[in-house]
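A.B. asks: Same order as they appear, the protein sequences are chains A, B and C.
Going by this note's numbering, the first sequence runs without a break in its numbering and finishes at 233.
Going by this note's numbering, the second sequence runs without a break in its numbering and finishes at 468.
Going by this note's numbering, the third sequence runs without a break in its numbering and finishes at 345.
Treat the hints as calculated values from the structure; they're not laboratory data.
Ideal Cβ positions, reconstructed from N, Cα and C, are used throughout, including at glycine.
Take the hints with a grain of salt, since some may be wrong.
[As the list claims (entries may be wrong)] Quick look at which bits of chain B chain A covers, simulated, 3 or more residues with Cβ under 8 Å:
{"hint": "1", "segment": "60-70"}
{"hint": "2", "segment": "372-382"}
[Unchecked claim] Label pairs and their calculated CB-CB ranges:
{"hint": "3", "chain 1": "C", "residue 1": "Ala334", "chain 2": "B", "residue 2": "His55", "range": "26 to 36 Å"}
{"hint": "4", "chain 1": "B", "residue 1": "His55", "chain 2": "A", "residue 2": "Gln71", "range": "26 to 36 Å"}
{"hint": "5", "chain 1": "A", "residue 1": "Val26", "chain 2": "B", "residue 2": "Met327", "range": "49 to 59 Å"}
{"hint": "6", "chain 1": "B", "residue 1": "Leu323", "chain 2": "A", "residue 2": "Gly7", "range": "30 to 40 Å"}
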Amino acid sequence: MFESKSGIFLIAGIGFFGLAFLSNAVVPAMMYRHLPEKPVADLVNPNVRYQFEDLAQRYPDEFKAAFATEQDPVPTDPQEAAKWYSTKCAEALSMGRKIYTGEGCWHCHSQFVRPVSNEDRRYGPVSKSWEYQNELQRPVMFGTRRVGPDLSREGGRRSSDWHAVHFFRPKTLSPTSPMPEYPWLFDGSPDKPNKRGLALMIYVQWLGSWLESYPYYEDYEPTKIEKPIAEAE
Amino acid sequence: MPTATDSPRHEHLVIERLVFWYFAAALGYMLISMVAGIIMGLQLLSWNPLPALEHLSPGRWRMVHTNAIAYGFLANGFLGMLHWVVPRLSLRPVLDKRLSYFIFAAWQIVVLSTAVGLILGEAQGLEWGETPVWIDPLAQVGLLLVAFDFGYPIIKVKGPMYVTLWYFLAALVWTFLTYAMGNFIPQYCVSGSAAGAVGGLFIHDLVGLFVTPLGWGMMYYFVPILLKRPMWSHGLSLVGFWGLAFFYPLQGIHHFLYTPIPMFLQYGAVLSTIALEFVVLTVIINFVGTLRGTGMACLSNLPLRYFYTGITFYFLTCLQCALQTTMTFQALIHFTDWVVGHAHMVMFGVFSMWQLGMMVYLVPRLLKTEWYSEKWCYWHYWASAGGLCVMAGDLILGGLFQGWSWAALQPWEKSIEVSIPFWAVRIAAGAVMFWAQLLFAYNLFKTWQKSPLRTGEETLPHVAPATM
Amino acid sequence: MRLRVALKIGWLGVAFCMGCERPLEPEFSSSDRAKSLSPELRKSLNTELEEATGTFAHPQMLVERSQANLAKGQAVYQAQCVQCHGISGDGDGPAADYLYPRPRDYRKGLFKFTSTPYGARPIRDDLVRTVRAGVRGSSMPGFNLLPDDEIQAVVDYVLTLTYRGEFEEGLVNLAESEEAIEPDMVNEEVLPIVKQRWVQAESQQVQVLTPQPQFTEEHVALGKQAFLTVGCAKCHGEDGRGQMPDNIGKDGWGRTTRAADLTAGMFHGGQKPIDIYRRIYSGINGTPMPGFASALQSQPDTIWHLVAYVNYVSSRRREGDSPPPGPIKPYVSAEEKAAEMAVAP
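Given only the sequences and the hints, what does the whole structure look like? Please build it.
C.D. replies: What follows is the structure, encoded as structure tokens:
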């Protein structure tokens, strides 16, 4: 058996591989059955919506060119407008994730906070499984190297204009940063992000926006209000 | 067993031209990969000469660096090696020679379009599987064809097979399955932590089930030939193969310790990693045992020197593996340059050294002429091995400093500041290694130029094709 | 031989690069008003200024502090702050043009997020707090990982720049009114005023009028009522988003500003109840946000109700409630931006 073709082919080749796949992939997948994967549309939470609307006010012309084109302007009806912003934000998130992947951001920035090495003090709450059960984690972006800091709680820590200047030329803000420059996310100047730039900014602002402590984790303490009041007066 | 008279002749078994093409392509990708590495290394020191060009972005070229080594250099080198070894061991040609040429062309298209896709920013978010999603199915079909092409002669072998063929047979199956698992499952089937586990399994299996078995199969073939004696212990060969086959794939998750992946799976991965170290030890003992009494051969025989250097590095990396996957150690060194140093030691120190040694041995036999300059081969050896020693040692040490800086909650800039000297040494070592490969490629070119295959002269009588 | 040539070229290259990158020795610059003075006045102004506050190479604190380590403070400032706040603290670093709100110009001595009354200078701890926590929702990050001695040192250096700016402004005023800068007048009129404002602030920290209650929904409801009646809604809007057509104004630095979106969940001046209390009580220096200290003098509890309501509004997003976008208008209109760009050198 140990030297026969069928032994090697079936036991070592397929059998052991299957065993590893079972224990390393099927088992965790089964364990997370109860955490359904969220589609992108469900990932647009009120926090990231704020950031998206912030981009619309910060870079009005660029935002219009990228998202509110003539064929698809912002609706005037408030309800419709809210829906429009959510839809566009989801689109921007998907695109942002694609750029984050394509530019190789994830090779220098991890997206998980470990329970060791004082990481919860540096970055915020330790990562939990449910945070990764969504479409923008396909494939998951844990990362394996940190030349730059972890980004899984980066959203909201800095405003989008900071990110714009930083993407355009990181050394402008962090003189010792080894991060490469990304001027192709802009039309010539850090205050003119193009669609890719806006999408990447919103993706970064989204990171961690699902946490209650967004974006306050360092000193955030919820102010207790006994029983929230009903919506209307 | 075939007798001497009906034994097929070497010329009918091996498509030598194709072997050489594969080697040339492999070296080409090695150079591309190293250019990419140097771009990234310069960027870390803020010395990138062309900082703001989209298609030269270090972030994108970083992925070219790893992919060109895995799929360009190593895969091409191995395919060339398989074309030499498999028919000679099984005494049968590959399934179809036209298919072999087709595979060669198709594989170059796969690797080139991967590189182009990465440079255009089309990467898939899977480490070492950044191949854009639209290439994955093509690559998968290619791997299937490879499995058929080489699997056929192996399956046709009558009676017991030699160790090398165990490894190759398993590797053909594993490579196909690993690629499919890594490139499709996290993209289309599962997400989140489970996908992370699959990703870890993929990174790991790519080294453990594609590169390692092909590499060891190669060693089991070439080392006894060069030493003109059989392996020391067949029993240890068996233990080595089956231990590797069992333990290696179980360790994927050790790349993502302390993630939200369930803790008991992480412990399982750590345990099997440590267990594998004992298996590796048996393999190392076997190879050292084979060398017994003729240790000087390592000095006098150049290819053998490459091989045993690689074997030494293999021992070191596996020892390192067993230590660094412990939870205590991971807390400090994960995410640091330690891991990068480890990866270079494995991919360059072990597998690239083996392949380069194999090329040093085979190229004169393929081109029917001596190396243009044997001295340059020695230079290549010393610059490659020396450069790697410096680079790996430097990065491993630098990783410790980074880990300590982070744990001490220093501001991030401090960890960059402390890394700068290490990165400077790394780029210097990398430049030496790059120079060595350039020299090797130039040497290969000059050898090809004077080859009788090209000039049309008679085969030089004193370089006979290798015998088994 | 070839190697030697290559080495030579390499050395030349290294020398060339180093020559390129050697930075010029930075210098403090003059304010626009100081630049418009006549050359003689400017000269005597600069003499006075240097004597009191030093130069970039040898800065001095106008209001001295025994533990101050200005060399260390300057090193931290040049590494972390100068990119936005500029060498002289004029809020005009290389990144400043692309940021909204613009980085603070220290030279007026105005700081937004203080624990002192409207118009007063901040106390030192206010600046320490801002450096540590950052200004959430703006481009000012928190530097909480810097060691404490570096934070203290950089705050001293920021104060040095601030004193210098204020002193310079005093000198310009003097020059414009008296057409001369005499040392006596400087010592009698300019210096004491600048110093006094800072010394005074130390004892002026706003304390709560009534202790903080345990917030209940009742407080929130009362707060909402007050929010609509006291005048908050006039700028912040009834929903707190500030998406009102006329929510636009000028700040003390002559820049466009507007009332904050309270639903952002990010308070520039800190999110603790006491931070919000002081914002309502004292207003925000240099902005149209007034203090409600006198308006609410007779009903001190109302401030806490407002705090409760503002807190409630700001945590709605965390609870999954996305307020409607409203008209969404640019922070800075295109015309204004063009005008600003035209002014910039």
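A.B. asks: It remains to establish, for every hint, whether it holds in the given structure.
C.D. replies: A quick look at each hint next to the structure:
1. 60-70: holds (count 3)
2. 372-382: violated (count 0)
3. C:Ala334 x B:His55: 26 to 36 Å: Roughly 33 Å apart at Cβ, these two residues keep to the hinted range, so it holds.
4. B:His55 x A:Gln71: 26 to 36 Å: holds (31 Å)
5. A:Val26 x B:Met327: 49 to 59 Å: Violated, at about 24 Å.
6. B:Leu323 x A:Gly7: 30 to 40 Å: holds (33 Å)
Checked against the numbered hints above, the structure violates hints 2 and 5; every other hint is satisfied.
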